[in-house]
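Chains as they are written, first to last, in the numbering used here: chain C, 1 to 179; chain E, 180 to 361.
In short, the hints are calculated from the structure, not lab data. Nothing here was measured: the structure is a model prediction, and the numbers come from that model. Please note that the accuracy of each hint is not assured.
If you want the footprint, here are the derived chain E segments under chain C, 3+ residues with CB under 8 Å [said to hold, decoys possible]:
1. 235-249
2. 353-360
Computed cross-link-like contacts, DSBU-like style, restricted to lysine-lysine with a CA-CA straight-line distance of at most 35 Å [as the list claims (entries may be wrong)]:
3. E:Lys240 <-> E:Lys356
4. C:Lys17 <-> C:Lys6
5. C:Lys17 <-> E:Lys236
6. C:Lys6 <-> E:Lys356
7. C:Lys17 <-> E:Lys356
8. C:Lys17 <-> C:Lys2
9. E:Lys276 <-> E:Lys356
10. E:Lys240 <-> E:Lys276
11. E:Lys236 <-> E:Lys276
Have a look at the derived ranges for each label pair, beta carbon to beta carbon [claimed, not checked]:
12. E:Pro228 <-> C:Ser10: 30 to 36 Å
13. E:Phe194 <-> C:Val76: 52 to 58 Å
14. E:Lys356 <-> C:Val79: 29 to 35 Å
All C-beta atoms in this analysis are idealised placements derived from N, C-alpha and C, irrespective of residue type, glycine included.
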Amino acid sequence: MKGINKILESIGRGVGKVVGAMYQAGRESIDQVITNVLPFMAFISLIIGIILATGIGDWIANTLSPLAASLLGLIVLSVIIAIPVLSPLLGPGAVIAQIIGTLLGTQFATGAIPARFALPALFAINPQVGCDFIPVGLALGEAEPETVEIGVPAVLFSRFVTGPISVVLAWLASIGMYQ
Amino acid sequence: MDALARAAEWFIGLFIQGGQTFTGLVTGIIPLLIVLMTFVNALITLIGPDKINAMGKTAAKEGILYYPIRYMIFPFLAVFFLTNPMAYTMGRFLPEKYKPAFYDSAVSMVHPPLGVFPHVNPGEYFVWAGIANGVTEAGYNIGDLAVRYLLVGFVVILLRGIVTERISFIMWRREDKDEAAA
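With the hints as extra help, turn the sequences into a complete structure.
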């Protein structure tokens, strides 16, 4: 009898732990969606709506899409975004990357930019990732002030090199996709 | 009067289009996002995020063999379990000289997994979803794109780790020389 009780108890405890974790996870997910995802969706929808309804979309399709629809154009985009002075300004909240991504998305949707450029484009819009956050990020890793002094320029210069390379890598990796 | 009515119609038209886009995003993305995030968040709680602390020691070792651990696997696991921005706290397990490169590597991993693991950074979901949505609307399946984004992400963070490590080593050496001269 005692053995059975013990088994029942451990089953109950295990189930309780799993259910509790799942319930908590669900609450976290809903919180994140409401506080982070939905507001951004509202903002993005407004931008897309205005672009589509006013004809700015056609203008983008005619002027910017040809640039984004070539490897060279995407490399140029990544180099501009990775300029060490610009990249920290473009970083915060990845807002700029998300807007450019969405703008390009409208062009992928109409086929103005062929889908095979999607992967290099994902890297071309993002060489500035985290460039605004280097001192804070290093401080979170308990870095000394001297490390931050070196770390900030080191990361910024590195991006100027690795940004365009990442676009080329992505372009190579997308060979054979969406042909 | 007629012109006014037409202007009003045009004005509302801007937002009708936006509203339709919003409906599409909410019904198309949110349900999957919520369920997937719930699953992964529960998994992380059950596994216990502190398990990756032990890996910090391995990642701190010298030698070329440990580069892929320090700048590929460790940053990915940090981002996967701790998400943005707590992932960067894992830098504390590394010696000072590796910290800038580790940060570069980890912060470059906060977007490539979004197609498969959106829980790592839901607040910046549209870095991925902006383009992915367009590709979906063009009639393509984005599974392939999501997986390749993640895989190329691994290669890119390794590259960033190595390049940033080199650059910071050079800068430290130069600084030491300046100090010796002064």
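Evaluation of the provided hints:
1. 235-249: violated (count 0)
2. 353-360: violated (count 1)
3. E:Lys240 <-> E:Lys356: Holds. Lys240 (chain E) to Lys356 (chain E) sits at ~26 Å (cutoff 35 Å).
4. C:Lys17 <-> C:Lys6: With a Cα-Cα distance of about 16 Å, the restraint between Lys17 (chain C) and Lys6 (chain C) holds, given a limit of 35 Å.
5. C:Lys17 <-> E:Lys236: Judged against 35 Å, a Cα distance of about 30 Å means the pair holds.
6. C:Lys6 <-> E:Lys356: This hinted pair is violated, its Cα atoms lying about 68 Å apart.
7. C:Lys17 <-> E:Lys356: Status violated; Cα separation ~57 Å.
8. C:Lys17 <-> C:Lys2: holds, 23 Å
9. E:Lys276 <-> E:Lys356: holds, 17 Å
10. E:Lys240 <-> E:Lys276: holds, 12 Å
11. E:Lys236 <-> E:Lys276: Roughly 15 Å between the alpha carbons, so the hint for Lys236 (chain E) and Lys276 (chain E) holds.
12. E:Pro228 <-> C:Ser10: 30 to 36 Å: violated, 24 Å
13. E:Phe194 <-> C:Val76: 52 to 58 Å: violated, 34 Å
14. E:Lys356 <-> C:Val79: 29 to 35 Å: This hint holds: roughly 31 Å between Cβ atoms.
Violation of the numbered hints given earlier is confined to hints 1, 2, 6, 7, 12, 13; the remaining hints are satisfied by the structure.
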